[in-house]
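Asks: The chain contents come next:
2 protein chains.
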Amino acid sequence: MPIDANAATIVSAFDDVPRFAQGQVRDIRVRWACEEIGRPYRPELIHARADKPEGYRRWQPFGQVPAFADDRVRIFESGAILLYLAERDERLLPSEPADRWNAITWLIAALNSVEPSIMQVVWTGVFNKGKDWVEPAMPAVIDFAKTRLKSLSDALGDKDWLIGRFTVADIMMVTVLRALRHTQILEEFPNLAAYRARGETRPAFVQALADQMAGFDIPESQGVQ
Amino acid sequence: MPIDANAATIVSAFDDVPRFAQGQVRDIRVRWACEEIGRPYRPELIHARADKPEGYRRWQPFGQVPAFADDRVRIFESGAILLYLAERDERLLPSEPADRWNAITWLIAALNSVEPSIMQVVWTGVFNKGKDWVEPAMPAVIDFAKTRLKSLSDALGDKDWLIGRFTVADIMMVTVLRALRHTQILEEFPNLAAYRARGETRPAFVQALADQMAGFDIPESQGVQ
Chain A
280 MPIDANAATI VSAFDDVPRF AQGQVRDIRV RWACEEIGRP YRPELIHARA
330 DKPEGYRRWQ PFGQVPAFAD DRVRIFESGA ILLYLAERDE RLLPSEPADR
380 WNAITWLIAA LNSVEPSIMQ VVWTGVFNKG KDWVEPAMPA VIDFAKTRLK
430 SLSDALGDKD WLIGRFTVAD IMMVTVLRAL RHTQILEEFP NLAAYRARGE
480 TRPAFVQALA DQMAGFDIPE SQGVQ
Chain B
280 MPIDANAATI VSAFDDVPRF AQGQVRDIRV RWACEEIGRP YRPELIHARA
330 DKPEGYRRWQ PFGQVPAFAD DRVRIFESGA ILLYLAERDE RLLPSEPADR
380 WNAITWLIAA LNSVEPSIMQ VVWTGVFNKG KDWVEPAMPA VIDFAKTRLK
430 SLSDALGDKD WLIGRFTVAD IMMVTVLRAL RHTQILEEFP NLAAYRARGE
480 TRPAFVQALA DQMAGFDIPE SQGVQ
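Residue numbers (the numbering used here), protein chains in the order written: chain A, 280 to 504; chain B, 280 to 504.
The set of hints was computed from the structure by calculation and includes no laboratory data. The C-beta atom is built at its ideal place from N, Cα and C for all residues, glycine as well. Mixed in with the good hints, there may be bad ones.
Stated by the list, open to error - Straight-line distance between alpha carbons at most 27 Å, and here's what the computed DSS-like set of lysine-lysine pairs gives:
{"id": "1", "chain 1": "B", "residue 1": "K438", "chain 2": "A", "residue 2": "K408"}
{"id": "2", "chain 1": "A", "residue 1": "K410", "chain 2": "B", "residue 2": "K410"}
{"id": "3", "chain 1": "B", "residue 1": "K429", "chain 2": "A", "residue 2": "K410"}
{"id": "4", "chain 1": "A", "residue 1": "K331", "chain 2": "B", "residue 2": "K429"}
Said to hold, decoys possible - Covered by chain B, per the in silico footprint, the following chain A stretches (three or more residues, Cβ under 8 Å):
{"id": "5", "region": "342-354"}
{"id": "6", "region": "382-391"}
{"id": "7", "region": "404-412"}
Starting from the given sequences, assemble the full structure and let the hints guide the process.
Replies: This is the structure we're talking about:
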């Protein structure tokens, strides 16, 4: 059971995000990776909406989560943390060079070629909801996301996972795709919807999601899918 | 001289981007890293605006540049390629774990915490220029970018480079910041403007920029800064 109050590995998480974000916050990526390899960790819960604890920005300069610390490193960015956890664990990242760098490529593609277009949908349609420019902007914002999703869908094809076998790239890509759950966009790409569902049914993901939800001050009692 | 027609390392680049993008295309990141370590490479020029060559999307599924190949790997994403080039080269990435993972963290932060907000400024203000929603949307788009730049500025402080010494993270962050050159935004953060200039005056960057510009069908005869 990776959550362990005495673990040397610490992962920061929020305890007070709005309901629509519960189950989506990016510490779920690190929790999921820890569950896949049975690595104990201790969540450090902080407030998202109040002032961050003194010194938190020296650990996470953008005031976000997750940040990560163990006896060797003190880092942030879910992408960097996943690479660190995966570095010496064949279950998350193959050691054979062609496969290894293919998986790292897809982890970075999730962060830089797919997520920005999806977060633009969220930022425009959720964070700026109600502003007069949002409705006319949405078609272009959604088209841009669909262009990237079409390329991703073609690349995934009928494979179960991005490089064939499950890797840390799938933890990243599945959690990136989950941010569209307030829309029907992913359903236009059946292989991507099935891929997201394939990730979400892994026991390690299920445990990570339950643990993130348990950290909120006001638990979400309804379904989070 | 890293460009070498017989090099085993291949880097894809465009030969026909619009003038405003010349000097900005992301293969400059890989060229710059190769120049820093004297690694020979052969550019493979393709058209951005016409149909991509048969099979190019099997190499780069999003139809973008750069893609990269050598005798061990065949990958894409500038972030993954920089990590690959840096993996065993102390000049780009320290081997000591705390520094190493600090630098990797900052490379990922450039790609995922800074670049998306900057590319949203470019996507909205340049790619969608003239649409009726753009002008009312720009203040929120620019504010979001400035929030991220403020955090970055605070984290950089008076250091020359993100982790103190120059690393691959600086290649990534400097090229990310260069995308704002059509605006005055960066000038509001003098330490970031100085940091970008510090990167742009490195001989390896100067050579990489000249080599990217030389690849365009219609060379840009005027200054590119």
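Asks: All hints are to be evaluated individually against the structure, with a verdict given for each.
Replies: Comparing the hints with the structure gives:
1. Distance check on the hinted pair: K438 (chain B) and K408 (chain A) sit about 39 Å apart at the alpha-carbon level, beyond 27 Å; violated.
2. This hinted pair checks out: K410 (chain A) and K410 (chain B) have alpha carbons roughly 16 Å apart, not beyond 27 Å.
3. Between K429 (chain B) and K410 (chain A) the alpha-carbon distance is near 24 Å, which keeps this suggested pair within the 27 Å criterion.
4. Between the alpha carbons of K331 (chain A) and K429 (chain B) the distance comes to roughly 16 Å, so the proposed pair stays at or under 27 Å and holds.
5. Remark: the region 342-354 of chain A is confirmed as covered by chain B, as 6 of its residues place a Cβ nearer than 8 Å to a Cβ of that chain, reaching the required three.
6. With 7 residues having a beta carbon nearer than 8 Å to a beta carbon of chain B, the region 382-391 of chain A meets the requirement of three or more and the stated coverage holds.
7. With 4 residues carrying a beta carbon less than 8 Å from a beta carbon of chain B, the region 404-412 of chain A meets the three-residue requirement, and the given coverage holds.
The structure does not agree with numbered hint 1 stated previously, though it agrees with all others.
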